[in-house]
Amino acid sequence: MLAPQMLGISIILPFIAAALCLINVPTLRSALVIGTGVVVSLASLLLVQSGTFSLTPESILGINPDGLIAVLDFALLFVILGIAYRLKNKLIAGLTLLQIVPLAVLELFMNPGENMGPALYVDQFSMIMCMVISIVGSLICLYGLPYMREHEHHLKLEKSKQGRFFFFMVLFLGAMNGLVFSNNLLWLYFFWEVTTLCSFMLIKHDGTEIAVKNATRALWMNMLGGVAFVFALIIFRSQGLPLSLQEIITAESASKLALLPVGLLCFAGFTKAAQMPFQSWLCGAMVAPTPISALLHSSTMVKAGVYLVIRLAPAFAGTLFSNYVALFGAFTFLAAAVLALSQSNGKKILAYSTISNLGMIVACAGINTPAAISAAVLLIVFHAISKALMFLCVGSIEQKIGSRDIEDMRGLVDIMPRTTMMAALGMVTLFLPPFGALLSKWMAVEASAHLPLVVIMLALGSALTMVFWGRWLGMIMTSVVPDKVLPTERMPLFFSVPLWTLAVSAVVISFTAPGLYTSMVLPVLERFYSADLYTAARGVISNNIGMFAIYPVFVVMALGVIYAVRASSAKRFFRRGDYVTPYVCGLQDPADPRRLGFKGPLGVWSEFKTTNYYMENIIGESRITGWINLIAIGILIILLAGVF
Amino acid sequence: MLDMTATVLRNFLSKTHTRLYPFQVRETFENVRGNLDIRIEECIMCGMCQKKCPSQCITVNKEAKTWEVDPYACVYCGICEECCPTHCLFMPKDYRKPARTKELNQQLQLKGPEKKKKAKE
Amino acid sequence: MGFFQELLHKSRMKSPWLIHFDCGSCNGCDIEVLACLTPVYDVERFGVLNIGNPKHADILVVSGTVNPRNAKVLKNIYDQMPEPKAVIAIGACGTSGGVFREAYNVLGGVDKVIPVDVYVPGCPSKPEAIIDGVVLALEKLKVRKPEKDTEPLVADLKKAREFYENREERQVTG
Amino acid sequence: MDFKTFSFVILAVILAPFAGGLLAGIDRRLTAWFQGRSGPPILQPFYDVIKLLGKDRQVVNYWQIFCVHIYLISSVLCVALFAMQADLLMIFFVMTIGAVFMVVGAMAVPSPYSQLGAQRELIQMLTYEPLLIIVFVGIYLVTGSFKIDDILSYERPIFLMLPLLYLVLTFALTIKLRKSPFDISTSHHAHQEVVRGVLTEYSGPYLAILEIAHWYEIVLILAICGLFWSTSWIGLVLLLALTYMAEIVIDNVTPRMTWKWMLTYVWAVGISLSFFNMALLYANSF
Amino acid sequence: MATIVPFGPQHPVLPEPLHLRLVLEDEIVKEALPTLGYVHRGLETLASIRDMDQMVQIVERVCGICSCIHAHTYCMCIEGLMGIEVPKRADYLRVIWSELHRMHSHLLWLGLLADAFGMESMFMHAWRIRERVMDVLEATAGNRVIISVNKIGGVRRDMSPDQLRWVLQVADELEKELDLIKPVLTNDYSVKKRTVGVGVLTYQQAYELGAAGPQLRGSGVAQDIRMTGYGAYKYIDFAPVVEKDGDSWARTMVRFRELYQSIDIVRQLVSSIPDGELAAKVKGKPMGEIACRSEQPRGELMYYVKATGDKYLDRVRIRTPTFANVPPLLVMLPGCEMADVPIIALSIDPCISCTER
Amino acid sequence: MAFETKNVEKNQLAAEVQALKNGGQRLLTMTCVDLGESFDLLYHFDLDLQMTHLRLTVPKGESVPSISGIYFAALVIENETQDLFGIKFEGLALDFGGHFYLEEEVKKYPFCKVTVGKTEKAGEGA
Ligand code: SF4
Ligand code: SF4
Ligand code: SF4
Ligand code: SF4
Ligand code: SF4
Ligand code: SF4
Ligand code: SF4
Ligand code: SF4
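First to last, the protein sequences are chains A, B, C, D, E and F.
Residue numbers for the first sequence follow our numbering, beginning at 1 and rising by one.
Residue numbers for the second sequence follow our numbering, beginning at 1001 and rising by one.
Residue numbers for the third sequence follow our numbering, beginning at 2001 and rising by one.
Residue numbers for the fourth sequence follow our numbering, beginning at 3001 and rising by one.
Residue numbers for the fifth sequence follow our numbering, beginning at 4001 and rising by one.
Residue numbers for the sixth sequence follow our numbering, beginning at 5001 and rising by one.
To be clear, the hints were calculated from the coordinates, so they are not data collected in a lab.
Warning: the hint list may mix true and false statements.
[Said to hold, decoys possible] Below 16 Å or equal to it, Euclidean Cα-Cα: the simulated EDC-like pairs (lysine to aspartate or glutamate) are: (1) E:Lys4151 x B:Glu1082; (2) D:Lys3260 x E:Asp4051; (3) B:Lys1052 x E:Asp4053; (4) B:Lys1051 x E:Asp4053; (5) A:Lys609 x E:Asp4051; (6) D:Lys3260 x A:Glu616; (7) B:Lys1051 x B:Asp1003; (8) C:Lys2142 x D:Asp3002; (9) F:Lys5060 x F:Glu5009; (10) A:Lys348 x A:Glu152; (11) B:Lys1052 x E:Asp4245; (12) B:Lys1093 x E:Asp4135; (13) E:Lys4192 x B:Asp1003; (14) D:Lys3176 x D:Glu3247; (15) C:Lys2140 x D:Asp3056; (16) E:Lys4151 x B:Asp1003; (17) E:Lys4281 x E:Asp4053; (18) A:Lys609 x A:Asp408; (19) D:Lys3004 x D:Asp3149; (20) E:Lys4182 x B:Asp1003; (21) B:Lys1102 x C:Asp2079; (22) B:Lys1097 x C:Asp2132; (23) A:Lys609 x E:Asp4026; (24) E:Lys4193 x B:Glu1081; (25) D:Lys3260 x E:Glu4031; (26) B:Lys1051 x E:Asp4026; (27) A:Lys609 x E:Asp4245; (28) D:Lys3260 x E:Glu4025; (29) B:Lys1051 x B:Glu1081; (30) B:Lys1052 x B:Glu1082; (31) E:Lys4311 x E:Asp4051; (32) E:Lys4088 x E:Asp4275; (33) E:Lys4193 x E:Asp4245; (34) F:Lys5021 x E:Glu4208.
[As the list claims (entries may be wrong)] Reference listing, derived: stretches of chain E covered by chain F, where coverage requires no fewer than 3 residues with Cβ under 8 Å from a Cβ of chain F: (35) 4178–4190; (36) 4235–4244; (37) 4312–4318.
[As the list claims (entries may be wrong)] Now the in silico label distances, taken between C-beta atoms and shown as ranges: (38) E:Lys4244 x F:Asp5048: 12 to 22 Å; (39) D:Ser3272 x A:Ile618: 19 to 29 Å; (40) E:Gly4335 x A:Ser622: 40 to 50 Å.
Ideal Cβ placement from N, Cα and C applies to all residues, glycine included.
Full structure from sequences and hints, please.
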C-alpha cells in the first residue's frame, strides 16, 4: 500500500511543480503541467484502492509540520496584508488583521491540549473530491496551455504572464487536495486561505481595471469567510473541543455547544461557495480567462465551500439550524436560477448555474437525510465534470467567434460542429435525465418532500433551470444553412483531449452512478446515518420512498438516440425527402428561396432574427439583485440565530 | 369568467345546427341567381347582353350564330337576363357545379329565328 | 402492402386539411370559404380543417385575383406544401379574374401562377359549391403524383409581364 | 422485472396511442357538439395521422428529425415506466426530455414562428413543471411514497385528501393538452398569432410522430390523474370523464390568454392552492 | 436584441392579405410597418372601359361584405349628378338591405375576433346566427353575399310582404341569440382581460388620425354618416352608438350595440315601408363633380365621381373606411404584446380589399 | 348635393390645411384627377357631417408639399397617390418610394390617362 505516498504526491507535487512553472520556458512549462496532471490523476486513482485511514506526518522536509503550517499561515496572511496595502483597501486590511490577531492569540496563548486528532484523514468522500480535483483540474490546466497561448496572442502581450498563471493554477490543485484531506482544522484553514489567495491572483490575472476590481471583491468576501473560520477555531478551543473535523462531527459531546462554531464554519463555506448574497464575487470572476473560471467553478474553490458544509452536516443534523440551511440553499438555488434566466452572457449563465447548483448542494446538506447527502456528494462530481466541459466549450467558442453572448451563438453548429456537440452534451448532462446531475436533483426533491417551502423553491428553481438550458441548447442547434454539408472543425490537441475526456466521462460516470454510489458514497453515509439509505441494485437506485431506474432509462434513451441519429442522417433523408425553407407567410425571396428572412415593407429585405426572452425589465440582474441579497441576508441572519 | 358556458351547454344539449350537405340538400330559394343559361332558339343575336355585361364575358357572333359565355368570368349578376329583349336568357337557381377544367358555355343556334324570318317572308 | 396502401388512400380522402389564401379577393369568396367551417355547413364532418399553414395543408384554396405582388406569395405557399396536394380556385376572380380581369393590376386567375385542379365558379361561390369543390379535389390527393412543379416564379412573372405588354389590345377587343 | 409486468408494459405501450387517438377523436366530436356542429368521425385523428405519415417528407434541417424521435421515445418510455409502476418523479423527469427536445427541435429552425413558439413552450414548461412536482410531493405526503405501486396500494382515494392539488394538476393537464386558455405555444389549429408555434415547421410524417407522442403524453397525464381515484374503477372512470369534459368546456368558453398572464396566474393560484391543501393535510393529521 | 416577425400576407389569423413587419422584444411590439398592395386591383381605372351602369356591378365587388352599400353610394353620386329622384320605396329597400349587411358584417367580424383570440365556440356561434341573415339576403336578393340589388335610379328587386315579415322574424331571432352572448362580451373575465386596455386610441388621436366608424365612435366621437339622412335614414329615428374607452373592448361593444341598433332600424323601416315604384327612369349622361358619403359597417365611405358627359366616367374615387383606419392601427400597435396584435388588427375590422381596391 | 371647392395655391396649401385642422376639421381623404396636362388634387375635410373641399391644381412633373406633417393620416393617401399618379410629395413622413401598392413589374403610374389605352380618347374628349 502506497497510500500515504500517494497522499503526499497529490498535495506536495503540485506545490513543487507550481514553483517550477515560474521558470518561463514554454516547453518546460508544458511538460510540467502535463506531467503533474498525469501523476496527480494517477495518484488520486491509486488512492482509491486504499480504504479509510488517517495520518499525521512526522515531519515535512524535516520540519515539524504543525509548526510549518503555523508559520506559513502567518506568512500568507501578511502577504494578503501587503496586497491590501498595495490596493489601499482598508476593508481587506481590516479583515486580515481580524485574522492575524485571533490566530496569534490561538497559537500563542491557547493551549492545544491533548486531543489534536490526526492531521490528515482520508475517506471515500475526500477521495472523490481528490479525484475530481486532480483529474478535472488537470484537464483544465491542460486546456489552459493552448488557450493561454491564443489569449496572449489576442491581447498582444509583450511579455508572457503564463509562468505566473500556471504557478497559481497548479498550486490551486495542491491546495485543494490538501484542503479535502485535512482533518486538523488549522491545516484546513491554511489551505483554505491558500485557495483564497490563488483565486485572487488568478482573477486579477489580466490586470485590467475591472479584473482588479472583481478580484478585490472576491478577496474581501472570502476573507470574511476566513474571519468566521478563525473565530470558529477560537470558540472550539475555548470550549475545549478538539480542532479535528472528524471528532467534531462524530463526538456526541459536540451537540449544543459546538453549534455556534459549526455555524461559523458553514458561513465560511457559504462565502467560498458564493451563496447568495456572496454570489457577486463568483460572477465577477468571469472577467478572468476561461480556464480560470472553469477551475474556480467546477472542481476547486467553490467546491471547497460546499465540501466543508457537507462534511459538517452530521454535526447539525436534526437541528433547526439545519432546516434554515436547507432554506438558505434552496433560496440560492432559486434566486440564481432566476438571475441565470435574465442573462444572455454565456459565462454569466454558467456562473449563475454554478451558484444555483451549489445552492442545491447546500440545501441538501441542510435537509440532512442520507438521501440528501448522497444527492449532494453525487452532484459535486457530476457538476464538476459537466461544468468544466461547458466552460471549456464556451472558452473555445469565445476564441472562435469572439463573443460570449449566447445570442451570438445561434447557429453555432454550422460553424464549429464538434465543440457545439460537446457543449450540447455538457448541457444535457447538466439538466436532463438519465444523467447524474438530474439524478441528484431527483434525490434532492424527494429528500426535501417533507419541507414544503424548500421543495417549492426547488421545484420552481428546477423549472427555471430547464428553461435557461433548454433555450441555450436550442439556439446553438439553430442550423442556418439547411442543406450544406457540415464543415469539419479542427481543434488543438490539448483542446480536444480535455473536451473528449470530460464528455466521455460525463456520460460514463452518469451510467455508472449506481456503482459509484455503492462504492464511494454509501460507506461515508453509513458512518452517520442508518435509516432511509438508497440501495443500488441492477442499475436501479431506490429507497423506501422512491426509485430511479438508471440502466433501463439509459439503455432505452441510448437506443433512441442511435435510432434518431440514423433517421435524421442526411443520406437516408435525401432518398425520401427534401430540405425546405421556413414558413414566413409566403414572403420568401423568389429569386433566392434559400435566403433566410422575408421581403418586408418598402421592398426591404429583413434577415431572420430572433432573440430569447430575457425579461430584463422584470428580472434583470440590476433590478432584482438588491432584493435577492436583502432576502438572503435576512435568511442568513435567521440562520445564524438558529445556532443558539 | 365562464359566461359562455350556458351557450355552449345549450348547444351540447340541443340538436346540431349542421345541414348534412351533400346528404341532405336544402331546397334553394326562389329567384336565386345560380347559373346562366340560354334558350338559344329564341335568341335573336342582338348582342345586347354582350354590350351590357359588366364582366364582358358574353360573346355573340352574329355570323356564326353562336352565343357564348365564360361561366368562370361571369359574376351571375343577372344584368344580361334583364336586358335581353326576347327573355331567352334565364338563370336557373341551382348553382353551377365546380369542374376540373374550365370550359366555355358555347351554344350554336341551328334553327330558331331563321324560321321566324322565313315565316315573315 | 395492399392493405396499408388502401388505408393510406382512404385516410388521404378522409383528412383533407385546407389552407386558404386570399389572393386579392373582395372578401365575398373568403367569407363563403369560412362559412363552410361554421356549424351550418361544418366541413369538419369530412375531416376538413382550416389548418392555416402551408406545411401542414393538403389543399390550397385560393380566392381572388392574382396580382404581381401576391403572385409571389401564392407561388411560395404552393411550393411550401408537401405532396400530395391540390389547388382549388374559388369564384370568378380565382378562376379567371372575374370582373377585374381587365384591371391593370390583375394578372388573371390563379392558374396563371400555379396549376389549378378544381375551378369553383360563382361570385361568390356558394358554400355548397365549395364543399363540392373539395370533394372533387380529393381524387387528386389519393395517389401521389410523382411530377413536381419546379418552374420558378421568376419565369411566371416574366409571363405576367408579357401579359401586360399586350393588355391594351385586349382591352379594345374586350 | 417479471414476465407479468413486462407484458403489461408492452401492452401499455401498444395500446396507449390508440387510447390517445380515440380520446382525441372523442374530444373533437364533443367540441363540435359544444359548438352546435356535428363534428368529424371519432376515428378522424387516426385518418389524420395516417395521412400525414404518407405525405412527402420535408424538413428545414436534420435536427428536427432527431428531436421528434427523441420526443416520441421519451413519451413512450414514460408510459412504459408508468406501466412498470416506477417512481412518479422519475417519470416526470423523463418526460422533460421530450419536452425539452420539442423546444430544441423548434428552436433549431430559423423561423420566427417556430422560435416564438419555442420560447412560449419554455414558459409553459416553466409554468406547469413546478406544479407537477408539487402535486407529486402532495401525493407523497399522503401515501408516503413516490412509487406508483405504493400509491396504488394506498387504501383510500387520494382525491379526497388532495382535492385542491387535483385542481392544480388539471392546470398542468390543460397546458399539456394545449387547450384554451393555455394554448399559447401551439394549438390544434393554426389560428394563432404564432401560426402553430413549435409545430409550424414540422410537416408530414414528422408532424404525425409528434401527434403520436402527444397521445402518449395525454394518456400518461390522464393516468396520473387516475391515480387520484385508484381504488375503484367506477370512481376512476368517472373522475377522468368529468375532468376531460370540464377541459373541453373550459376550452370552449375561454379565449387564449397571454403567457405573462398564464405564468403569474397559474403560479399564484397553483401555489396558493397547494399550500392550502397541504395545510389541510397537516391539520387533518393532528 | 429583437425578434423580427412577418405577420401576413398569408397568416392563419388574418383572413386577408395584409403584411405587418413586427419588431418584438420579449414579445412587446417595438415597431410595426405595413405592406399593402396584395389585393390592389386598380378597379377605379375600370371606369374608363366600363360604362356607368356596368360600374355598379364593379363597385359592388370592391368589397363583398358591404357590397350593397358601395353600390348604393355610387348610385347616389350618379343620381346626384343627373338629378334623379329615387322612389321612396327604393330608398327604404336599399337601407333595409344595407342594415342586413351591417348585421352580417358585424356578426362575421365578431366571429373573426373570437377566432383571433382563440375562442372557437364564439366564432361558431356568431357565424351560425349570421347564416340566418344570409338566408334572408339570398331569398330576397338572389345571392348570399354580393346581392346586386342596386341600380342607378333605384333597386332591381322588391321584397314581398311575406319576405318583409320574415325579415322581422329573423330580427327577433337574432336579438334573442345576441342576448345570449351579451354577457360574454360585457362580463366575462377572460374576454375582458384580452380586450380591455388593448389598443387604446384616445378621442384626440382618433379624431386627428382620421379614424372612421366604430373605431371613431369607440373613442367617444359621435360621428355617424347615417345622421346626414341619406337614403331612408331621414325617415327614421336613431342615434349613433358611442363608447368612451377607445380600447378594443370599446370597439367591440360599439359593434355589438350596433347590431341591436340595426335590428331596431330594420323594424322601423319594415313597419313603415311605403308602396310605390322601384326605380326611376334614367336618361342621358351625367356631367360634373360630386362627392357622396355613407356609413358602412366599418365606417364612413366616400365616393367622388367626375363625369364629363361622355359614355365613360372621368374619375371614380373610392375612399373606404378601412383605408382611413390604417394610420390609427399603426399608432396602436407599438407597445402592445405580440398576442394582442391580432386583436388590435381585428378591432379595426380590417378589410384589405376595399383598402386597396 | 352641390360640390363646392376652394382653390388653393401650392405655397398656401400647408397654411390652409393647418387652418382647417385648427378649426377642428377631420381629413377625409384626397383625390387626384388627371386633367391631361395637369393634376387636380382635391383635399376632402369633414366637420360635423359637412364636407369642405380644397382644390390644388399642379402641372404634371411638379412636386407637391406633403401634408403628412399636419395630418399623419395623409401619409397613406399620399403614398397611394404617388404610386398611382407619380406625383412626388415633398416631406412624406414615410416614403414607400412608389411601392406602396405596386411591384416593380407593374407599369409606372397606372392611373394616368396617357398610359392607359382606351381612356385616352375619353380624356381628350373632356
Ligand atoms: S477572446 Fe478569449 S482568448 Fe481572446 S482575449 Fe478574450 S478571453 Fe482571451
Ligand atoms: S332591343 Fe334595341 S339594341 Fe336590341 S336589337 Fe332591338 S333595337 Fe337593337
Ligand atoms: S350574369 Fe352578369 S356577368 Fe354573367 S353574363 Fe350576365 S351580365 Fe355578364
Ligand atoms: S340579349 Fe338575348 S337575344 Fe340578344 S343576343 Fe343576348 S341572349 Fe340573344
Ligand atoms: S368572385 Fe366575386 S365574390 Fe369572389 S372575390 Fe371575385 S368579385 Fe369577390
Ligand atoms: S371594409 Fe371594405 S373590404 Fe372590408 S368588408 Fe367593407 S368594403 Fe369589404
Ligand atoms: S361600403 Fe363597405 S361595408 Fe358597405 S357595401 Fe361597401 S364594402 Fe361593404
Ligand atoms: S382556438 Fe385553438 S383549437 Fe380552437 S380553432 Fe383556434 S387554434 Fe384551433
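Which of the numbered hints above does this structure break?
Of the numbered hints given earlier, those the structure breaks are 2, 5, 7, 8, 10, 11, 16, 21, 24, 25, 26, 27, 35, 36, 40, listed in rising order.
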